[in-house]
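*Asks:* Okay, here's what each chain looks like letter by letter:
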Amino acid sequence: MIKHLELESTAPARVCVLGATGFVGQDLVRNLKASEVQVLPLSSADLDLTKPQSVERLQRTVGEKDSLVIVSAITPDKGKDVTTLMRNLVMGQHLSAFLEETRCAHVVYISSDAVYADDANPVREESCCDPSTFHGLMHLARERMFAAATRKAGTPLVILRPTAIYGATDTHNSYGPNRFLHTALKEQQIKLFGQGEEKRDHLYVRDLSRLTSLCLERRSEGVLNVATGHSISFFDLAERIARLCENGVEIEGSPRANPVTHRHFDIGAIYKAFPTLVLTALEEGLAESLAGIKRASIG
Amino acid sequence: MIGFAGLSHLGVVSAIATATKGFEVIAYGDDFALCDSLNHGKPPFFEPGLAEVLASNQSRIHFTSDPSEIGKCEVVYFSLDVPTDENGSSDLSTLTKLIEGIITFASDSAILVVLSQVPPGFTRKLARRIGELQDGRNLQLFYQVETLIFGRAVERALYPERFIIGSHKPRAALPKAYAKLLSGFDCPILVMRYESAELAKISINMCLVSSVSVANTMAELCEKIGADWSEIVPALKLDKRIGPHAYLSPGLGIAGGNLERDLATVVSLANEVGTDDAIVDAWISNSHYRRDWALQMIHAEVISHSETPAIAIWGLAYKQDTNSTKNSAALSLIDALKPFSIRAYDPHVVLDVEIGPNFSQSASALEACTGVDAVAIMTPWPQFSSINMAEIKAAMKGRVVLDPYGVLDGNACAQAGLLYFKLGSPALGASEK
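Line by line, the protein sequences give chains A and B. Under the numbering used here, the first sequence has 178 at position 178, and the numbering climbs by one with no breaks. All you need for the numbering used here is the position in the second sequence, starting with 1, plus 1000.
Please keep in mind that the hints were generated in silico from the structure rather than gathered at the bench. A hint or two may mislead.
In silico DSSO-like links for lysine-lysine, alpha-carbon gap of 30 Å or less [said to hold, decoys possible]:
1. K272/A - K1224/B
2. K199/A - K1072/B
3. K1097/B - K1224/B
4. K1338/B - K3/A
Here chain A is said to cover these stretches of chain B; the calculated rule only asks that three of the stretch's residues, wherever they fall, bring their Cβ under 8 Å from a Cβ of chain A [claimed, not checked]:
5. 1285-1298
6. 1338-1349
Heads up, the beta-carbon is just placed ideally off N, CA and C, and yes, glycines get one too.
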C-alpha cells in the first residue's frame, strides 16, 4: 500500500531518470516530456553506477528539489548469474551511498514482482517476498538498501513492483508478448514452453510510465505492485497475437521442462491509490505494440 | 438485586435482559443524560426488540449515574464494551478505571463478574488486584463469557445457548445469588478456570472465522469456475460434522470489531508465547481480500467502461439489524471511490462525517439509484428484497447490480435486464450486455 504526501497532483520540479535509455526508462522519459515535466535522462554512458565515482557525480547532478527515478539494472537477458547479481548490488551500493547523504524531493525505485515467492497467489503487497532468482534477489536487496538510505536522509521512497512488461521497443526478447510479437511477424510462428499453460499478467509499458508519473505527482510513499489484475495463459496470449497478426501464425508447443506455475495479482491497492486510473486492455496494448514494431521495421 | 456497571451496547442489553427474567436491576453509567433517556424507555442505539423489552420491564430496572447505588447489589457485572483500534487491539484503560472505581462501592460480600471482552490473563490479574482492595470484605470475582451479536443481541441475551463461567475455584459450587441469577435463563452452565473461560470465548469466535473463511475461499472459486456456493451449502449443512447452523455464508470480510479483536488477541498471544498462528494470519488476509470484492467488481464492470461513473450504495451498517458501521465494508468502498459520484442509502444509518463533495445520502433506496451505473448492496437489509427490479432498472443509467449477500432474486434481476453479481455465484444477465 502507498500513501500520497501531496494531496493534489503537483508537477515535480525536475525528474532525474537513471537508466533512461532502457526499455522502461525511454518510455518514462517520453511520457514525462509529453506532460511537460522537466526531465534529466541519464544512462550508463553518462554515469556508470558500477564505479564508486558515480556517487560524487550524482551528488553534483541531483539536487534536493529533484525527484529521482531509478530504473538502472543489468537485466536478466544480459546475465542471470552471481556475477550479474553482484554487479547490480554494487550499483545499489553506490546509489545507497548517494541517497544516504543527499536529500531529494522524492525517489521512485522500479523493482520487480520477481521479489515474491513463486507460489504467492494472488500476489499482494503483503505477500511473502522469497525470490527464486538472482534477479528477484537483487531487487529485494536493493529495495532494502534504498529504504534504509532514504529513511536516513528523510527522502520519501516509493517502490513499484511491476510484473512482466511488454511494448514495441522492448529489447529483452523475453518469453511472452515481446518475443511472440516478433516471431509471429518474422517467422509466422510462436513457440510455447509446454502447451503454454502458465497464466501470467502482462503489463503494457505505457501503463507503468503513467503510474510512475502519478506517483511522482503525488509524491507517493510505500510499496505498490503494478499489474492489470487479469492473467491469461501463454497459449491464449499466443492465439490473440496470432489473430492480431493476420498472417497465418502457427502456434507450436514443446516438451515441458518445468512444472506449470501461475501468477495472479490482486490490484486492490492500485484501485485505492489511483481510483481513476484505467489500465490498458491487453488487446489494445498488443495492437499498439504490433503497430510500433511494424513502424520500426519499416523505419 | 443485580448490578451492571458500564452502559455501552453490552451493558444496556444485558441489564435489560436480566430485568426481563424477573430480577431487580440497577444499571450504572457515568452519563446522566444516557441514564435519563434509558429511564424514559429510549435505548441509545438500534437493536431489534430492545425498545419493546425495555418498555415492558421498566419497573424492574433503574439506570443511574450514581455509582454508590451499586452497593445495594449482590451480583455486580462489569459490562462495558472494550473499544478496539483499527488493528483490533483492545484499550482496557476505561474498563480498568471503571472496575477500580466501582469496587469501592461494592457491598461486603458482593459477587463481581467481568462480562466485558477481556484478553486471557485479565481476570487472574484483576483477582490479585481485588485481593489488595478487599479491605476486610469477602469479594468474589468471576468471568462470564458474553456472546453478544449485533442485530441479535436481545435474542442472544434472553436465550443464551449456555453460560461459560470463569472461576478461581472451578470445582466449587457457584455462590447462591449468582447461581440463582444464571438459572433464571434455563441453559447449561459450564464452570472452568479463568483462563479457560477467557479462551473459550475466543475459541468460539475462531471457529466462526474459520467457517466464514472457508465459505469465502470456496465462494470465490465458485465465481471463477461456474459453480454456485448456495447450491453447495445445503450439502455441507447436512453433514453432522458441520451442522445446520454453521456459518457458511460468504461475506465482505470480518467486521463489527469483536471478531477482529479476538483475531488480534490470538496473534498477539501466540507471538508472546511462541505458538503457531499462521492460520490466523491467513484468515485475516482473506478477510481483507474479500472486503474489496465490490471495489474489484466496480472497477472491472463500471470504471473501466465509463468516464463519469456514478454508483448507488445500499446499506452502510456493517451488517443488517444494527446501526454500527465499525469496519463496515460499505465505508471502505466509499473511501476507495471518492473521486466518483456516490449516492448512499441506509434505513438506519445517517453518516454525520464529511465524506467528500461527490457523496450524498438519499432518502430511499430507489432514489439512490437515479442515473447510476451500478448499485452495490453492501448491507443485506431485508427491506431491500421487496424493491421492484423493473423500478431499479428504470431508475438506473447502467445495469450493474452487485448483491454480495443475495438480497435480491438474481434471476429476476437478469430478467429485468440487469447484470447481476453475487458472492459465490456466476454472473447473471451477462448475455444481454
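*Asks:* All hints, please: hold or fail.
*Replies:* Now for the hints, and whether the structure bears them out:
1. K272/A - K1224/B: Between K272/A and K1224/B the Cα gap is close to 23 Å, so the pair holds against 30 Å.
2. K199/A - K1072/B: 71 Å, violated
3. K1097/B - K1224/B: 51 Å, violated
4. K1338/B - K3/A: 15 Å, holds
5. 1285-1298: It holds, with 5 qualifying residues against the three required.
6. 1338-1349: Since three or more residues must qualify, the claim that chain A covers the region 1338-1349 of chain B holds, with 3 doing so at under 8 Å.
Going through the hint list in order, the structure does not satisfy hints 2, 3.
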